[in-house]
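Listed here are the chains, written in short residue letters.
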Amino acid sequence: MTQPLLKVDDLRTYLFTRNGIVRAVDGVSFHVDAGETLGIVGESGSGKSMTALSIQRLLPRPAGRIVGGEIRLEGEDLVAKSERQMSAIRGRSMAMILQDPMSSLNPVFTIGQQVSDPLRTHRKLPPGELRKAVERLLEMVRIPAPQTRVNDYPHQMSGGMRQRIVGAIALSCEPKLLIADEPTTALDVTVQAQYLRLLRDLQARLGLAIIMITHDFGVVARICDRVAVMYAGRIVETAATTTLFDRPAHPYTQALMRSMPRLDQRSDRLPAIDGQPPDLRQTLTGCRFAPRCAHASDICRQQYPEMTVVSPGHAVNCWHADRMMAAS
Amino acid sequence: MDYVLQRLLHGVLTLLAVTIVVFLLSRLSGDPLSLILDPAATAADRAVELARLGLDRSYIDQYLIFLGNALGGDFGESIFYKAPAFSVFMQHLPATLELGVVAIAVSAAIAIPAGVVSAVRKGGILDTAAKAFALTGQSAPIFWIALMLVLVFSVVLGWLPTSGRGGLSHLVLPALTLGWYSNAFLMRVTRSSMLDVLDADYIRLARLEGLPERRIVWVHALKNAAGTIVTTLGLMTISLVTGAVVTETVFAWPGVGRLIVESIFHRDFPVVQAAVTVIAAIVILINLAVDLIFAWIDPRVRLG
Ligand SMILES: Nc1ncnc2c1ncn2[C@@H]1O[C@H](COP(=O)(O)OP(=O)(O)O)[C@@H](O)[C@H]1O
Ligand SMILES: [Mg+2]
Chain B
1 MTQPLLKVDD
11 LRTYLFTRNG
21 IVRAVDGVSF
31 HVDAGETLGI
41 VGESGSGKSM
51 TALSIQRLLP
61 RPAGRIVGGE
71 IRLEGEDLVA
81 KSERQMSAIR
91 GRSMAMILQD
101 PMSSLNPVFT
111 IGQQVSDPLR
121 THRKLPPGEL
131 RKAVERLLEM
141 VRIPAPQTRV
151 NDYPHQMSGG
161 MRQRIVGAIA
171 LSCEPKLLIA
181 DEPTTALDVT
191 VQAQYLRLLR
201 DLQARLGLAI
211 IMITHDFGVV
221 ARICDRVAVM
231 YAGRIVETAA
241 TTTLFDRPAH
251 PYTQALMRSM
261 PRLDQRSDRL
271 PAIDGQPPDL
281 RQTLTGCRFA
291 PRCAHASDIC
301 RQQYPEMTVV
311 SPGHAVNCWH
321 ADRMMAAS
Chain R
1 MDYVLQRLLH
11 GVLTLLAVTI
21 VVFLLSRLSG
31 DPLSLILDPA
41 ATAADRAVEL
51 ARLGLDRSYI
61 DQYLIFLGNA
71 LGGDFGESIF
81 YKAPAFSVFM
91 QHLPATLELG
101 VVAIAVSAAI
111 AIPAGVVSAV
121 RKGGILDTAA
131 KAFALTGQSA
141 PIFWIALMLV
151 LVFSVVLGWL
161 PTSGRGGLSH
171 LVLPALTLGW
181 YSNAFLMRVT
191 RSSMLDVLDA
201 DYIRLARLEG
211 LPERRIVWVH
221 ALKNAAGTIV
231 TTLGLMTISL
241 VTGAVVTETV
251 FAWPGVGRLI
261 VESIFHRDFP
271 VVQAAVTVIA
281 AIVILINLAV
291 DLIFAWIDPR
301 VRLG
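Taken in sequence, the protein lines are chains B and R.
All residue numbers for the first sequence refer to UniProt numbering, where the first residue is 1 and numbers rise by one.
All residue numbers for the second sequence refer to UniProt numbering, where the first residue is 1 and numbers rise by one.
Simulated from the structure, these hints should not be mistaken for laboratory data.
Incorrect hints may appear among the rest.
As the list claims (entries may be wrong) - Quick list of simulated restraints, FRET-style, between CB atoms:
#, chain 1, residue 1, chain 2, residue 2, range
1, B, K81, R, S192, 28 to 34 Å
2, B, E83, R, V12, 25 to 31 Å
3, B, S158, R, D74, 54 to 60 Å
4, R, S192, B, G207, 42 to 48 Å
5, B, R18, R, A289, 42 to 48 Å
Claimed, not checked - If the Cβ cut is set under 7 Å, some of the chain B residues that face chain R in the computed set are:
#, residue
6, L58
7, L59
8, R90
9, G91
10, L98
11, S103
12, P118
13, N151
14, Y153
15, H155
16, D298
This structure is a prediction, so every number in the text was calculated from the model and none was measured.
Glycine residues also receive a C-beta, built at the ideal position from the N, C-alpha and C atoms.
Take the sequences, apply the hints, and build the full model.
This is the structure:
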């Protein structure tokens, strides 16, 4: 049996704040195979970003801490790595793209300087080759006239272009895993579609695995092979994308899909479901979605639902999974 | 280029405004003739002298003459030194520059790195010590610091001379006094602008790229904070001029600070005017330099 590229096991990441302990990630398990795209979907505040930052070991300091679980990248446990070892892994074996292209680039350095930074650090390329490599990367993300663009500063570029540059930086050292945290949320619809197409092309070319974090099922439909649905610090349903769209088994997934904006609309609003997600500082018993769920029964409120495999590759944490499947 | 021209024009206009203020103040400060003339002079003597000095003309004429002379470095004769006021000022300038340059250099070399480190290790030992230092540095009046330094290093320990200008040993206490306040201030500015920058997305992204932490802090972050730091350095340099008045007086340092104080006591207005105008010109030049350095560091200012 081949091991997955990334395997996350019972990850628990808490934020120790002045106002209490936020259980942002509370027992999350999933895997990503080489070359595939896994979507992580959920409302704002469900712990998607904290999951991503845990994998990168760059949690907000000093509050954030991984308190339990394992994160294995190519079999090696990242939780046990030192800060030094992580620096050698970040940018080389795995990379990450943040949500806001306007604030992701350093305003006082040229595009060329910023794209060459990881290459200089990890590859130790001499200056002549470095310049060529940078131009090749800009070409790869379809920046027109890369020879002159390298001398530009971020504020001279559009949001779409900046996000492609961030992409070029992330892919510069040919990582095996790319984590993209809502990379298209801040972009216009047409630019968004272009960007996703670009990511797909690059993925095919580089054999890259992607974790696509989003709250937008439109993005999921375009790019993801499999999806994990996250709610209140836990993954409640995992399935292949087509399966999830055809037969969503968790009431939360169903509600999310119902509130999904149409594909041709700009989706910068969060999908609205009645009620509020729970306060992650409280000790929660039972299913976290029960207070907002139309199908909740006594057991839902008392005990956290075990994982049910409803079909191969389709797992859900819901006491009423069978009934939900029959209804959907 | 447009930007440079615009700043230059701004500087020239400010300097003109300063000369107008200096001119008006000298007219308000009383009748200059009573200082020059023998108390026994007759009304006729007065009229002659008035005409000779051009004081019978309109204020606008007088101002233009003053401006023309000032442009040529002619601020009149010092009443106390019996020499051209401008050259009296220029003789005192090197001593002040020496003191100022040493104070600024020492303070930049200490305060900027200390500010960076206390931002990176927020709440650490250096940060706490720096905070305590900044508190005493900023709340204590400069003459008190001067006196305490003299008390400790000259009177009690006897290591350093109490006053006067001479070798390096004479420079230590005045430079320390002059830089004290600026040190504390510069460190706080560096720390707070570094804290802002270290929180930015692009710093997070630099860490996500696996760049060495040292490079992230001292290159990526510091260059972003540099604009604020340079502006502060400019302000400090300007405040050193005022700080020099107290420091030079306490340490009997023969610079322009002490010259201004003494000239005011001697009612030696030509020297005061020369000093104020030239210092204003220096301040304007420093501001101009700060603007240009800022634009050079931050492309958003330069490229609009
Ligand atoms: N720096 C922080 N300090 C304290 N709490 C935080 C911080 N960042 C996020 N949180 C909390 O952690 C939880 C998960 O946040 P996050 O992972 O950012 O959600 P998502 O990315 O799914 O929107 C939320 O309840 C949020 O309020
Ligand atoms: Mg997020």
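Okay, the hints, checked on the actual structure:
For K81(B) and S192(R), the Cβ-Cβ distance of about 33 Å falls inside the hinted range of 28 to 34 Å, so the restraint holds. Here the CB-CB span from E83(B) to V12(R) is close to 54 Å, at odds with the stated 25 to 31 Å. Checked against the hint of 54 to 60 Å, the C-beta distance between S158(B) and D74(R) comes to roughly 58 Å, which is consistent with it. Roughly 45 Å separates the CB atoms of S192(R) and G207(B), a value that falls within the hinted 42 to 48 Å.
Distance hint for R18(B) and A289(R): a CB-CB separation of about 44 Å, consistent with the stated range 42 to 48 Å. The criterion of a C-beta within 7 Å of any C-beta in chain R is met by L58(B), whose closest approach is roughly 6 Å, and the hint holds. Below 7 Å, beta-carbon pairs count as interface contacts, and L59(B) has none with chain R, the closest being about 11 Å; its hint is therefore violated. For R90(B), the suggested interface contact is upheld, since its CB lies about 4 Å from the closest CB of chain R, less than 7 Å.
Among the interface hints, the one on G91(B) holds; its C-beta lies about 3 Å from the nearest C-beta in chain R, closer than the 7 Å criterion. The beta carbon of L98(B) is positioned within 7 Å of a beta carbon in chain R (closest approach about 6 Å), and the interface hint is therefore held. Proximity of S103(B) to chain R holds as hinted, the smallest CB-CB distance being about 4 Å (cut-off 7 Å). Interface hint status for P118(B): upheld, as the beta-carbon distance to the closest one in chain R is roughly 4 Å, under 7 Å.
Hint status for N151(B) relative to chain R: violated, with the closest Cβ pair at about 10 Å, above 7 Å. A hinted interface residue such as Y153(B) counts as satisfied when its beta carbon comes closer than 7 Å to some beta carbon of chain R; here the least separation is about 4 Å, so the hint holds. Interface restraint check for H155(B): the shortest CB-CB distance to chain R comes to about 5 Å, inside 7 Å, so the restraint holds. Among the interface hints, the one on D298(B) is violated; its C-beta lies about 44 Å from the nearest C-beta in chain R, farther than the 7 Å criterion.
In summary, the numbered hints that this structure violates are 2, 7, 13 and 16.
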